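Protein chains in written order, with my numbering: chain A, 1 to 248; chain B, 1 to 361.
Hints are not guaranteed to be accurate.
Said to hold, decoys possible - Mimicking EDC-like on lysine to aspartate or glutamate, the simulated pairs with C-alpha atoms at most 20 angstroms apart in a straight line are:
(1) LYS163/A with GLU91/B
(2) LYS178/B with ASP260/B
(3) LYS111/A with GLU91/B
(4) LYS264/B with ASP221/A
(5) LYS111/A with ASP58/A
(6) LYS143/A with GLU342/B
(7) LYS163/A with GLU337/B
(8) LYS245/B with ASP59/A
I should point out that these hints are in silico values taken from the structure, not numbers from a laboratory.
For clarity, every value in this text was computed on a predicted model and none was experimentally measured.
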Amino acid sequence: MKSRVLLFISLSLMFFLAWSSIGWAQPPREEIENTAQHLATLLNVGRLIIERNQTRIDDPRIGDKGFTPEVFERQLLDEFIRQTNIDLKHLPSHLPSLAKELLPVLLQSSKEVVADAQLVINQRGIGYKNFIPATFGSQATRKFSNRSHVKIKQTTLNPRNLKNTPDAYEENVLKRLATQPASNTSITEWVDNETTLRSVTPIYYSHDCLVCHGIPKGILDISGYPREGAKEGDLAGAISIQIPVNSR
Amino acid sequence: MIVGRSIMRVRSHLQKLRRRLEDYGSQGIVPFLIAFGVFLQGCGLVFDAVELIQPLARDEMSAICSRGQLRVGISVEPFRPFVFPAVFTDEGVRVTGLDVELIREVADALTTYCGGQKPIVPTLHLTRFRDLFIEMNEGHLDLFVSSIGGNVPGARPAGLWYSIPHFHNGGIGAMIQKPEVAERVRAQFQKQAGNPDTLAAIQAGFSGLTVAAQKGRTSSLYAEANLLNVRLLICDSLPASVETKDPHIDVILSQHSILDYVTKHVWPDWHLLTRNDGTPLILTQESFSIVTVEEHRRLQWFLNNLLYRLEESGRLEQMRRRWLEEDYAPTRRATTEGLPFEISKVPEHYDQGQCRFATGR
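Isolated chain A (complex conformation) (with noise of 0.2 angstroms):
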């Protein structure tokens, strides 16, 4: 009697251990979407908020613009709690584990990169400094893919940087984006033999874009680049992430 009970104890503690280790190996799809979503609205966030500041960012008069990385979380926690009622400082229980993982090195990776443009952002006698949500993203989304497994990238059809150019699968889904209304609502799919994910979030130009981005189409902006003529609610690009399934 006593053996069968340690035999049943010990075959329920291997297939409980054999069961939490193919759980912690792949986190189910939905899990897996859910973290893509809230990934792509903290790449967002971050730049709707160096967005905001803009005006502050490039204004020759002042030296200190007192944009610190601590400002720019502050102010990215506030917008990220309005947008998803998620406090990122205290995860709630119910949030994929796998996004309680992710989020904080987004987070992290974001602020840094408002650090290191302080010298930029504070230098007294410089208006236009090319610190804007573009770049922004583009340095945040590099730092986040060098420490995961997830691969975030803003990409577009016509792009600047052509680090940003689509790939077959993004300028696929950027075509049809492009002939359809605007919608925030991202194209989800599991591609190769369902081993990953790919999640498309489209941006679309807002009024403060258009002074770069705008008419006259072609003439250079301050950048230095064409502006593509672009019209307020036209498809800008598009936020594309890829997470494998064992993406631990």
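We have chain A; now place chain B onto it with these hints.
Quick look at chain B alone, frame taken from chain A:
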């Protein structure tokens, strides 16, 4: 510790050998030589270990090759189009400009010199202009490039060496806001009736005006030596001269090429001071050089030979035209060809500085 023990061990073995040699007399020379030969190999290891801890003195070129880095000083005060203000790009924070392109050329040539196995990476140290000289003398830099002229009296601090010029068309120019200032100078030239004397015209034309020049730059050396009847303001940077409203500045002196660029692209309210025929008024000529320390003879010859070759091939002229004459966006060039940098001795919130009246005049 390990090296010390090894040396002690070698020394004790040698002492034993000497004693045995004495014991055996001249017959012992053969075994001694054999034993010595065996020990020599060990000595090689000891030397390697010692060198690992305290490298033997090498010339500056070998040091650059083994380091794989060229440590270059560059001024944080922007001297457009030689050095543009640092901007943020998709690749991170970058600086660009004619000086930066020249640094790339020097680094590429060093890569070839060092055998081409690994690229020599230029490491830019962005610091205040006045600190470049200190950093150089303290051995933190291999060289610096910051639109520096070596042919203006008082411009060469002791212990530093200036290369042959990489930019010949330099010279000190002036920019003004009020046309009356230009009229005053032109009136002086007219009085000279075909026998031009720029210095005399400038001295009389600027008399009583408030003139600004940048601290430590050749423009301030020129003003302090030649413009005795002006109210001279010494400013920490060119932007500081432009920003100063009280006292009102009538004339700003700086390198002509820099003033030519900023009056066209940055401060359109300011205009180049020109002669009666409309050509720019150059107060004195000046050519820009690369600076390194006096002792670095091999690096000096390397730089002079390289600059001469770049001049011969037309590459320097191409670079000058590219930055001074072409229409371009510095931010875009910073993205594609700018260099990252490290910051030393720069306040966290760099603010271009201020202006104050020159003392002791």
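Comparing the hints with the structure gives:
{"no.": "1", "hint": "LYS163/A with GLU91/B", "in the structure": "holds (10 angstroms)"}
{"no.": "2", "hint": "LYS178/B with ASP260/B", "in the structure": "holds (17 angstroms)"}
{"no.": "3", "hint": "LYS111/A with GLU91/B", "in the structure": "holds (16 angstroms)"}
{"no.": "4", "hint": "LYS264/B with ASP221/A", "in the structure": "holds (17 angstroms)"}
{"no.": "5", "hint": "LYS111/A with ASP58/A", "in the structure": "holds (19 angstroms)"}
{"no.": "6", "hint": "LYS143/A with GLU342/B", "in the structure": "holds (19 angstroms)"}
{"no.": "7", "hint": "LYS163/A with GLU337/B", "in the structure": "holds (15 angstroms)"}
{"no.": "8", "hint": "LYS245/B with ASP59/A", "in the structure": "holds (18 angstroms)"}
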